Amino acid sequence: MRQKREDVRNVAIIAHVDHGKTTLVDELLKQSGVFRENQEVAERVMDSNDIERERGITILSKNTAVMYKGTKINIIDTPGHADFGGEVERVLKMVNGVILVVDAFEGAMPQTKFVLRKALELKLPVIVCINKIDRPEARPDEVVDEVLELFLELDADDSQLDCPFVYASAKAGIASLDADEMGTDMEPLFETIINYIPAPEGDPEAATQVLISTIDYNEYVGRIGVGKVDNGTIRVNQDVVICNHHNPDKIIKTKVSKLYEFDGLNKVEVKEAGIGSIVAVSGISELHIGDTICSPENVVPIPFQKISEPTIAMQFMVNDSPLAGQEGKFVTSRHLRDRLFRELNTDVSLRVEETDSPDRFKVSGRGELHLSVLIENMRREGFEFAVSKAEVLYHTDENGKKLEPMELAYIDVPNEFAGAVIEKLGQRKGELRNMGSISGGTYTRLEFSIPARGLIGYRGEFMTDTKGNGILNTVFDDYGPYKGDIQYRKMGSLIAFESGESITYGLYNAQERGTLFIGPGEKVYSGMVIGQTGRSEDIEINVCKKKQLTNTRSSSADEALRLTPPRILSLEQALDFIDTDELLEVTPTNLRIRKKILDPTLRKRAMINKKA
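Numbering-wise, the sequence shown is residues 1 to 612 according to UniProt numbering.
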């Protein structure tokens with residue numbers, strides 16, 4: 001018989017990137033007594049990954065649990081960036097309600113729409129938390145109206161529309177049910193969770209069913225599957241069967257070796273767990289996301305929504321440049337293959353395909369940021385490899401017409417830069433859907449529908465055009481008709497003509513032709529891109545050239561040569577810069593851009609053939 005488990009609440013925190021989800025979880029942890037009074041606590045304690053801390057974003061969803069007045073609240077902190085939306089979709093299967101965090105100034109943003117749609121489709125009740133209420137420019141009343149409009153736009157039912165609003169400042173650790181009153185602590189939010197989020201339901205007497213929604217990995221215990229106990233009880237040393245709703249052939253008999261529940265930021269070993277509990281199971285190497293752990297006497301997989309398909313792909317390949325193997329620890333195709341397929345253990349949104357070459361792999365993801373985080377992680381682990389320019393994944397409709405992924409771009413820019421942004425996005429096949437004034441008339445908000453390939457390589461240009469003052473947010477919309485060719489880069493490349501070491505004299509002559517990416521004393525090779533020209537065609541130049549010594553005395557007495565400091569590209573800028581005939585060479589210590597064909601004669605021949 002199905003019954004509710006009143007001493008447990010399972011809730012996910014969803015929001016747009018940078019609206020304060022992770023900071024809110026920090027405060028809930030602190031005020032529920034997870035930390036000792038004298039304990040030093042890092043900011044955004046849930047973002048444990050190095051890249052998450054550096055970029056200030058959440059990439060992997062995290063589990064934690066707090067006790068409040070005898071009720072255990074399992075909290076899942078989810079990513080706010082659209083590229084990691086695959087994480088959001090699957091963790092919503094573990095919870096009975098969500099807290100939607102919205103910035104009191106920025107209001108409802110594109111990723112808010114994406115995650116809210118997912119929650120409403122699953123009929124989950126929503127608590128709306130208007131965060132950063134203490135910002136001087138906060139506009140809570142308008143933001144409440146925006147959120148309700150968003151609910152209506154997403155076809156929310158009456159019960160979902162009748163949702164509670166909590167006004168909070170996660171940073172100050174306060175919450176209130178009234179926009180005009182500042183609270184003193186987070187108690188109003190805790191009480192709203194207890195009263196509004198339903199208790200999990202299940203049949204404690206039925207056969208065991210646990211749907212795995214997240215996979216963690218630990219070097220000591222191997223794969224750890226995290227999921228909610230839907231029915232029955234799961235115990236240590238219990239014989240179980242692994243099955244999958246989308247793969248009826250998968251039937252694996254195994255045993256539960258270790259079982260954990262969450263307590264604060266830690267996993268605590270338990271002997272058994274009942275309905276509604278969020279558990280971690282280790283010791284089962286064949287466990288994957290979407291699998292159900294069942295009792296052998298009743299093998300019934302729980303239906304599982306397939307994760308949205310990737311929209312963008314890159315070629316990852318073994319580095320074959322003249323400097324290959326000098327800087328990386330892992331350089332072979334076997335190393336590269338093993339690492340990419342290992343990433344599939346924890347990242348459901350990623351696809352890795354082998355190609356006709358054993359040294360090249362096609363890696364597909366949800367966006368440029370998604371793939372750049374993978375590249376950065378591999379680079380830090382000591383891998384050396386090369387990647388191609390990102391390309392979008394096309395579909396065809398029933399009439400055989402080509403369809404491409406379309407994105408919605410939401411842009412906030414100072415008024416004086418709006419014209420330049422509209423012009424650039426128009427050239428990239430973007431259509432202006434909406435335009436309005438925000439921030440008291442000093443900023444313009446633009447809403448564009450644009451092909452995903454139109455955004456490839458645009459972020460760096462956008463930052464330059466808006467002098468760093470613009471905000472660009474994108475979210476996948478749908479597949480639409482192919483919009484025609486887009487010209488990406490207007491400027492050509494400065495290409496090294498000779499291999500060796502860059503010399504001040506050679507660079508001094510080269511800097512007159514464009515912007516340099518390297519300084520003196522750096523290793524270069526023929527076909528390596530060392531800068532950007534001011535014209536549309538590529539220029540080959542010798543930066544290893546020394547000044548010829550003569551016995552004739554110079555009238556200018558050899559003045560010291562002054563070099564302009566080089567433009568050092570970050571990983572994202574380098575991925576934005578490369579063209580379709582170029583590769584990015586990634587090593588633990590360097591990023592180098594190079595032509596796919598290094599030999600200048602063969603490169604010219606290939607260009608002639610392409611034009612023909």
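Fair warning: there could be bad hints in the mix.
Straight line, CA to CA, 16 angstroms or less: simulated EDC-like cross-link-like pairs of lysine to aspartate or glutamate [stated by the list, open to error]:
#1 72 x 191
#2 402 x 538
#3 604 x 501
#4 362 x 398
#5 467 x 522
#6 389 x 572
#7 113 x 391
#8 30 x 185
#9 271 x 309
#10 258 x 286
#11 362 x 327
#12 113 x 149
#13 4 x 187
#14 523 x 538
#15 546 x 581
#16 113 x 478
#17 250 x 286
#18 545 x 572
#19 389 x 581
#20 258 x 216
#21 483 x 391
#22 93 x 239
#23 30 x 263
#24 30 x 261
#25 362 x 447
#26 69 x 263
#27 72 x 181
#28 604 x 540
#29 171 x 149
#30 424 x 412
#31 72 x 239
Hint data in this document are derived by calculation from the structure and do not stem from the laboratory.
Everything numeric in this text was worked out from a predicted model, so none of it was measured.
Run the structure past the numbered hints and jot down the numbers of the failing ones, going up. 2, 3, 4, 5, 7, 9, 11, 13, 14, 15, 18, 22, 24, 25, 27, 29 and 31
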